[in-house]
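Novice: Each protein sequence line maps, in turn, to chains W and D. Count the first sequence with our numbering and you get residues 1 to 126, in order. Count the second sequence with our numbering and you get residues 1001 to 1190, in order.
I should point out that these hints are in silico values taken from the structure, not numbers from a laboratory. All C-beta atoms in this analysis are idealised placements derived from N, C-alpha and C, irrespective of residue type, glycine included. Errors might be hidden in some of the hints.
DSBU-like mimics (lysine-lysine), calculated; alpha carbons at most 35 angstroms apart, straight line [as the list claims (entries may be wrong)]: (1) Lys5(W) / Lys80(W); (2) Lys1134(D) / Lys71(W); (3) Lys80(W) / Lys46(W); (4) Lys1134(D) / Lys100(W).
Listing some non-contacts, in silico: residues in chain W with all C-beta distances to chain D over 10 angstroms [to be verified]: (5) Asp13; (6) Leu25; (7) Thr38; (8) Met42; (9) Ala114.
A few chain W positions that, by computed beta-carbon distances, are all more than 10 angstroms from chain D [to be verified]: (10) Leu7; (11) Tyr15; (12) Arg20; (13) Ile21; (14) Thr32; (15) Asp81; (16) Glu101; (17) Phe112; (18) Asn113; (19) Gly126.
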Amino acid sequence: MAKDKNLPILIVDDYRTMLRIIRSLLRQLGYTNVDEATDGSMALQKLKTKPYGLIISDWNMQPMSGLELLKAVRADPDLKDIPFIMVTAEGKRENVLAAKEAGVSNYIVKPFNAETLRQKVEAVLG
Amino acid sequence: MTSTRIEGAPTFETVLHTLQQLVREMETQVHALSTRVRNEVLELSTIVDNVRREIRGLEPDDLKHRHIRAANDELDAVVQHLESATHDILNACEGLEAFTAHLPEDRHDDYLALLARIYESCSFHDLSGQRIRKVVETLKEIERRLGVLLRTYGADVAADGEERERDPLLNGPALPHQAPSQEEIDALLE
């Protein structure tokens, strides 16, 4: 079980409803220090202003996708160690492999349930 | 100077006759060929005419400017309605979550699990929104191809599209920016 429930978490999705859903589910898991971004570029800006302990991101976003965000995070020496969970409807094998190659920590396919989210969060946070 | 005739060589008359026969033969063949080419051109022309007629029947201009645009607007409205409904559900869930503290401690987990189920289910908005986005992309592609068709066959095709008669009372739900409020409807009934 993850210890620090006050860990700053950044959730990224272009659907406001998904941001609310993930935030609510995280709140039920005890994580309340949650910020939001609606695409990869906004997320990168936020990542440079605050030390986040976890990124949970959608894939399919404009102008910067979740995969591009993941690559940018892994290429940045200050951000590269932040656990990154992809939460996406893109469930094809090649998507998962591309995310894996880019250094994703975990991958959740939509629709998902609270238990899956809990398991993945706890798995990447140790 | 006297002309000498090689023994066994054809006479001038024979050569002339042969040449005349050759010319006649060539004329016959050229005529047959030109007739065939002409027929094929006529056939092609008929095919092009038929294609144009069929395209006119499709009313590409009407499809592009009215039906596809309307379908796009309707799908946009569906996405907006879904989003609005999902926010309403989430607002209600958050209100119910705040109520947890008023429940007996031993009921909290069950109660929160049920709320989590509702939260999870609300992702339908994201998923259906993405599917609708795909349909919109398909419509845009059809619209683009119809545009090519219109440019290829010119304005006459567009002008030939006849306006079909529609029942003015059968329009389905109005788009959000066009929909009258309940107060306006009530006022109309007074």
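Novice: Work down the list of hints and note, for each, if the structure agrees.
Specialist: Each hint tested on the structure:
1. Among the hinted pairs, Lys5(W) with Lys80(W) is consistent with the structure: their alpha-carbon atoms are about 21 angstroms apart, no more than 35 angstroms.
2. As the CA atoms of Lys1134(D) and Lys71(W) are separated by approximately 26 angstroms, the hinted pair is consistent with the 35 angstroms bound.
3. Annotation: proposed proximity of Lys80(W) to Lys46(W) holds, straight-line Cα distance about 15 angstroms (limit 35 angstroms).
4. A threshold of 35 angstroms between alpha carbons decides the hint, and for Lys1134(D) with Lys100(W) the separation of about 26 angstroms falls inside it, so the pair holds.
5. Distance check on Asp13(W): its Cβ comes as close as 8 angstroms (rounded) to a Cβ of chain D, failing to clear the 10 angstroms threshold; non-interface status is violated.
6. At roughly 6 angstroms from the closest C-beta of chain D, the C-beta of Leu25(W) falls inside 10 angstroms, breaking its exclusion from the interface.
7. At roughly 13 angstroms from the closest C-beta of chain D, the C-beta of Thr38(W) stays outside 10 angstroms, upholding its exclusion from the interface.
8. The Cβ of Met42(W) lies farther than 10 angstroms from every Cβ of chain D, with a closest approach of about 18 angstroms, so its non-interface assignment holds.
9. The claim that Ala114(W) is not at the interface with chain D is violated, since a C-beta of that chain comes within 10 angstroms of its own (minimum 4 angstroms).
10. Annotated as non-interface, Leu7(W) keeps its C-beta farther than 10 angstroms from every C-beta of chain D; the closest such distance is 20 angstroms.
11. Not every Cβ of chain D is farther than 10 angstroms from the Cβ of Tyr15(W); the closest lies at roughly 4 angstroms, contradicting the non-interface assignment.
12. Once the 10 angstroms rule is applied to beta carbons, Arg20(W) is inconsistent with being away from chain D; the minimum gap is 5 angstroms.
13. With a least beta-carbon separation of about 5 angstroms from chain D, Ile21(W) fails to lie farther than 10 angstroms from that chain, contradicting its non-interface assignment.
14. Remark: the non-interface label on Thr32(W) is consistent with the geometry, its nearest Cβ contact in chain D lying 12 angstroms away (cut-off 10 angstroms).
15. Consistency note on Asp81(W): stated as away from chain D, and its beta-carbon is indeed over 10 angstroms from all of that chain's, at 29 angstroms minimum.
16. Consistency note on Glu101(W): stated as away from chain D, and its beta-carbon is indeed over 10 angstroms from all of that chain's, at 24 angstroms minimum.
17. Taking the minimum C-beta to C-beta distance to chain D, about 7 angstroms, the non-interface status of Phe112(W) is violated against the 10 angstroms cut.
18. Not every C-beta of chain D lies more than 10 angstroms from that of Asn113(W), the closest at about 5 angstroms, which undercuts listing it as non-interface.
19. No beta-carbon of chain D is positioned within 10 angstroms of the beta-carbon of Gly126(W); the least distance is around 23 angstroms.
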